[in-house]
Every structure is written in structure tokens, then in C-alpha cells.
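Here the protein sequences come in this chain order: A and B. Reading the first sequence from the start, the letters are residues 1 to 310 in the working numbering. Reading the second sequence from the start, the letters are residues 1001 to 1310 in the working numbering.
By construction, these hints were calculated from the structure, which means they are not laboratory data. Treat each hint with caution, since some may be false.
What the hints assert, rightly or not - For lysine to aspartate or glutamate, the following DMTMM-like pairs were computed, each having C-alpha atoms within a straight-line distance of at most 20 angstroms: (1) A:K292 <-> A:D270; (2) A:K82 <-> B:D1067; (3) B:K1082 <-> A:E107; (4) A:K82 <-> B:D1071; (5) B:K1082 <-> A:E43; (6) B:K1208 <-> B:E1154; (7) A:K82 <-> B:D1039; (8) B:K1082 <-> A:D71; (9) A:K82 <-> A:D71; (10) B:K1082 <-> A:D270; (11) B:K1292 <-> B:E1159; (12) A:K82 <-> B:E1043; (13) A:K292 <-> A:E107; (14) B:K1082 <-> A:E74; (15) A:K82 <-> B:D1045.
What the hints assert, rightly or not - Counterexamples of contact, computed for chain B against chain A with all Cβ distances above 12 angstroms: (16) T1004; (17) R1005; (18) H1006; (19) L1017; (20) N1018; (21) A1032; (22) R1054; (23) L1126; (24) R1162; (25) L1186; (26) G1203; (27) K1215; (28) S1247.
Claimed, not checked - Simulated restraints, written as ranges between beta carbons of each label pair: (29) B:R1021 <-> A:N234: 48 to 58 angstroms; (30) B:R1214 <-> A:D52: 40 to 50 angstroms; (31) A:D52 <-> B:K1292: 24 to 34 angstroms; (32) B:E1207 <-> A:L73: 54 to 64 angstroms; (33) B:R1104 <-> A:R38: 45 to 55 angstroms; (34) A:G55 <-> B:D1227: 31 to 41 angstroms; (35) A:T77 <-> B:A1118: 54 to 64 angstroms; (36) A:P120 <-> B:E1043: 20 to 30 angstroms; (37) A:V28 <-> B:R1035: 17 to 27 angstroms; (38) A:A118 <-> B:E1043: 23 to 33 angstroms; (39) A:R38 <-> B:S1266: 51 to 61 angstroms; (40) B:R1021 <-> A:S289: 37 to 47 angstroms.
All residues carry an ideal CB built from backbone N, CA and C; glycine is no exception.
Number of protein chains: 2
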Amino acid sequence: MLNTRHIRYFVAVAEELNFHRAAVRLHVSQPALWRQIRDLEAEIDVVLLNRDPRGISLTRAGAVFLDDCRDILERMTAAQLKARRVAQGEVGVLHIAFNEIAGRRREMPRFLQAFREAYPEISLQLHFLMSQAQIESLRAGTLDAGFLLRHRGEGHDFEALRVGQDNFVLAMPRDHPLTRKASLRLSDLADQPLIMPNPRNNGITHEKLVSALRKSGTAPRIAQFADNENAIVNLVMAGMGLAFLNSSCRSLDAQGIMLRSLEDLSLPVDLELVWPARNRNPALAHFTSLVKALSGDADQLEALMETGMG
Amino acid sequence: MLNTRHIRYFVAVAEELNFHRAAVRLHVSQPALWRQIRDLEAEIDVVLLNRDPRGISLTRAGAVFLDDCRDILERMTAAQLKARRVAQGEVGVLHIAFNEIAGRRREMPRFLQAFREAYPEISLQLHFLMSQAQIESLRAGTLDAGFLLRHRGEGHDFEALRVGQDNFVLAMPRDHPLTRKASLRLSDLADQPLIMPNPRNNGITHEKLVSALRKSGTAPRIAQFADNENAIVNLVMAGMGLAFLNSSCRSLDAQGIMLRSLEDLSLPVDLELVWPARNRNPALAHFTSLVKALSGDADQLEALMETGMG
DNA sequence: CAGCCCCGATAACGTTAGGGTATCGTGATG
DNA sequence: CATCACGATACCCTAACGTTATCGGGGCTG
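Kindly produce the complete structure, drawing on both the sequences and the hints.
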């Protein structure tokens, strides 16, 4: 069976056109080299060298075989290096997801841009999935990591990196009567139609909101469930009711929605980058450590801005 | 050092994702296979397989390495087959030369076309060289074979295949007085200016013509030497004198030259395909045997046509 | 022409990479 | 709990590969 050794030896002989010199170059003895060439020729059943009394020369077949051999050797070392680089995560594909809130955060473009610059050979595949869908994809292995929101104390079995925090605030149309009140409390929402996150998609948020309302003695009047942030925004703008949104959505102000915090509602959530502990994509480590480095110093800044808002 | 065995074994394991099945497929024992894979990973310093308690799976690096390995294996067998085909002359390059007479012969297109059809992967490189230049190129090895003319009895050390015969005839302008004579002899050329082949290029022809003239008691009046057939034709047409051309040139009649045989001039030449006995281009054997096959039956036909002329 | 050198081809023998059998350890399974 | 499937080892053996020494022939030189 054709062997790498055959090829390497043949290339050396073909290049030196002299068994002795080729043997020196290969750090083997001349008879060993000679036998390998003989075996190679027997193996592929082709005379590769003309044996003339004064030395050797390549046959035509030997010349074209030499070309192919060089190519094969190059490809072997290239394959080796490539595998190593993939293993070290210097090249590869990384699937990253964002939920709707995370995708809107200021720091995200920074993360992505910095990563693309640092690891230009890692292809970033971005997905926009709700938190629950991210969890499923992470477990299924189709996703490497995801940016999502987690309620304080909500546990899961992923590795996580906190990159920011957020809070739930009230969203109402700009012309709603409540916008004129100086300060708002949960009890102000009594009898107001509410648009709530669908418990199917986001059970925890729904439950936390409802229990906060109950605790304040307010019976929520749920007008409609909405499947995602976009739906909530649209419904609020259409005047279907009020809703709770993350303060990160304040960029929506311009669109006719006003966000106001509630005195007695504190539902802190962390914006986290999460990934399965046993994800073996080496590129992931590069991504998480880069995000960590970039979000570490940005943290205090973040906190400042959060408190500055109201 | 990375080895073909490593690659073959890894491809099997990667495809089966099971050491035992892969070992069966490779006709080796499972431990032997296992060790090769372990060594391969150590060699390229990359983890190619995830060892889970329930079995193995490919790492990302393993997956891309698998692709490269398959490619390399394919290229190795391809290189082997290609070398063999080159050795058997099924693919390659063949340099064939024609002298001016040979290129004009009717059978040449037939040879070339038949060869191209029979061996489409052999690239035919055609060269138009005078006989002497062909000999030199054949010796230098830049030419595989050549069609040229040889005087009967003229020896050389090449292999040769006779593909036709020819004769020297007189060439004159159509309006020359001699065209009106019913039959011509060498003595008719006394006092006629003659255009002779340059002895430097074609000494034998020159010598044979001169000695034929001498033998007939005619003193040749050599007007000019010409380097090649084309030059002779042009000079005759220009009225510079008469010349001896091969009867194969009769297609020139239309150009204002008349060819007439001489009663007492017999300078038979053979049209031969010649090649060095130790030419190692395997494609050459295919060419010569094809030419032999095609010219064998055409030989009597050829002879008939030659005598039919005059 | 003898002697020498270069180079490919062999012979004889040691070393080791690679292969075989037997067996272990550990999750999965019924 | 017994069993199975599968990867990981231990241990031994063979054959492939390497080494040194030597041959034989062609070409060059004194």
C-alpha cells in the first residue's frame, strides 16, 4: 500500500537525482532508500526512474508523479496545521444568539466588531432567538452561546457571564392618562388592561410580574398575551393596553411609547452570555473571554447609566 | 511523522464512529487501530475524537481534518493511476516532426486524426523541420519521432518505419520550352540553369543529383543553392532556373510549376517515420504501431499511385 | 592500461513500529 | 444485578525498516 514514506523518499530522490545525496538528506542509508524506491515502483507498477550507468533520471511518469507527490505532501502538512488551528479555535464557526433585548444593547456591536477583528477566521453566525428558544438550541448543540436575560436567582445549568443588568418598567402610549402622574405604583394599574408576556414563552417573567401585582394588592386585568417584545410594543402603540418592558427598550420612546419605572416594582434581570459547560467549540473560549474583557470595565459605566435613568 | 496509515485509519474510525467496526473494516484489531489513532492525535497535537462513555464523536477539528484526509487519499490513488497511465503512454505528450515533403503527403492527416481519436489524452505537438534538423532534435531528445525522406541505402542508427516512397522529378515553369518535349532526359538539362538543394542542409540529395547528372555526361550549371523546398519552388516560379523536386510536390502544379519525370533519373527515396531506438516515451510506441497499421495496407495503394504517375 | 572513484544494487543482520490476543473499567440496558 | 458494548491497556510477536559491509560496472586519470 502506498505510503507517505514512499512519497517523501521518492521526492527526495527525484529532486537530488542521486540516491546517496537523497539518503543523506533524509537521514537514512542509501540501501534503505533504494529499497523504498524499488518497493514504491513495484507498488504502483510504474518505472519512475531511468537507471543509466552514470546515474538516474526521471521517467515521464516519474516526472508527473513527482508533481503529484509534492502536492500531496503539501496538503498533508496543510491539513495538519489546519486541524490544529481549528482545535485552537483560531478558525471555525461560532453560533451566537441574541434575544430581542440583548440585540438592542449598546455593547453588542462592540463585542462583535472586536471579535471579528481579533479572530477574522472565525465566522460568526448570529441568530435572533427568544431566551427560551436559545436554551433549547444550546442544549441541542446547534448554538454555541447566547445573550439572554435572567431573573435574579433564576438558576440554570449553563456557564454564564454577566454583561449587564436591566429592570422592568411600565410601557404606555404617550397620550395615556397615567403619563401625567408624577410617580407611579403598581396599584395604579388596577383596572388597566395589561399586555403580558406569554407564559408559554416566558413563564418566569409572567409569573414574577403577576405575583408582584398580587403582592401590591392589585388584581391584574390581562388584556392579551404577547409572544415577543415586538408584539408587546405594537399592541401598546395600538392602545390595546399597558405592558412591562425592559428599560433597555427606551430607544422606543421616539416611536410613541413612554417607559416609566414603578416605585414598588423591582424585578432586576441580568443580561448574561450563557453557554453549555461542555461546549467543545474552542472558538467559544475566545469569544467568552473577549466579552468578559470588554464588559468588565464597562460594568460600572453600565450601572451608572441604569441609575441615572428613572 | 504523519503517515498514510494514520490517515486511512482515521477516516475509517471517523466514518464508523466506532473503533470495533472500523477495525473490522480495516482488517486489523481494535487495539492496533486505537493505538494508531492515539498516535495520530499525539502527532498532529489535536484531539480529533470526543471520547464519551457511550462512544466517540468527531471534534470540530476532527471533522475538518476528515475532509482533508479524504481528499488526500483520493489524490494518492489518483496520482498512482495517473502515473500508471503516463507510463503506459495513455496520456502524455508526443513531439512529432514533418519535413516539408512529409507534411504535404495525403496520409498524414489520416495518421494524426486516427491517433487523436485513439489516444485523446496524448497531446500531439507537431513540428515542421527539415530532415537534418529532425535528426539533431531526435538525438537531442527534444523530438520523439519524425517523418522524413531517406535515400535508398542511406543508413542511420534510428528505428524506422517506411510509410511511402517518392522520386525526384524535374520542376520547371509552365511556359518553359522543355515542357513541350514529349520525353525528357538528364542531358536535356545541359546549359539549363539549375537550382540545387544546399549541400549544407541536404548534402546527400545534392550529391546524388550531381553524380546522376555527371554519369549521364551532363555538366550541371548550378545557378543557385536553395535552403528548402519552398525556396526552390519560389525560385523556379521566378524563372531563376530548373530544379529537382519530389513528386509529392505535384500539388504545386496549379501554382505555375510543372513536374515531369526524367527517363534516366531514378533517385528513389523512402518516406519514413524514424525515432531513436532508446526513446522511452511510451506514447511513441502507440504512435508508431498505429502508423504501421495504417500505412501497411496503404502501401500497395501508394505504389500503384506512384507508378500511375510519371 | 591499471587504478580509482562514483553510483546503483545486494547481502546479512539488528531494531522497532505495528499487529495480535487477552483483559480491564465503565457507563448503558433489560 | 447480570450483561453488554465500547474504549483503554498489557504483553508478546512478527515483519517492515534501517544499518553496515560489499559487489559490479562505467567513466575518469595518471
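- Confirm or reject the claim that A:D52 and B:K1292 have a C-beta distance inside 24 to 34 angstroms. holds (29 angstroms)
- Message: Quick check on a hinted range of 54 to 64 angstroms for B:E1207 and A:L73, using CB atoms only.
- Response: Given range 54 to 64 angstroms: holds, Cβ gap about 58 angstroms.
- Message: Holds or violated: B:K1082 and A:E74, Cα atoms, limit 20 angstroms.
- Response: holds (19 angstroms)
- Message: Given the hinted pair A:K82 and B:E1043, is their Cα-Cα distance within 20 angstroms?
- Response: Satisfied, since the Cα-Cα distance of roughly 14 angstroms is no more than 20 angstroms.
- Query: Can we confirm that no CB of chain A comes within 12 angstroms of the CB of B:R1162?
  - Reply: holds (27 angstroms)
- Query: In terms of Cβ atoms, is chain A entirely out of 12 angstroms range of B:L1186?
  - Reply: holds (50 angstroms)
- Do the Cβ positions of A:G55 and B:D1227 conform to the proposed distance bound of 31 to 41 angstroms? With a Cβ separation near 40 angstroms, A:G55 and B:D1227 satisfy 31 to 41 angstroms, so the hint holds.
- Item | Range hint compliance [Cβ, A:V28 to B:R1035, 17 to 27 angstroms] | holds (24 angstroms)
- Item | Range agreement (Cβ of B:E1043 with Cβ of A:A118, hint 23 to 33 angstroms) | Between A:A118 and B:E1043, where Cβ atoms are some 29 angstroms apart, the hint holds.
- Message: Beyond 12 angstroms on every Cβ pair: is that true for B:L1017 relative to chain A?
- Response: Since the minimum Cβ distance to chain A is about 16 angstroms, B:L1017 lies beyond 12 angstroms and the statement holds.
- Does the alpha-carbon distance linking A:K292 and A:E107 stay inside the 20 angstroms limit? holds (12 angstroms)
- Message: Can you confirm whether the C-alpha distance between B:K1208 and B:E1154 stays at or below 20 angstroms?
- Response: This hinted pair holds, its Cα atoms lying about 11 angstroms apart.
Violated hints for the displayed structure, listed by number in ascending order: 3, 10, 16, 17, 18 and 35.
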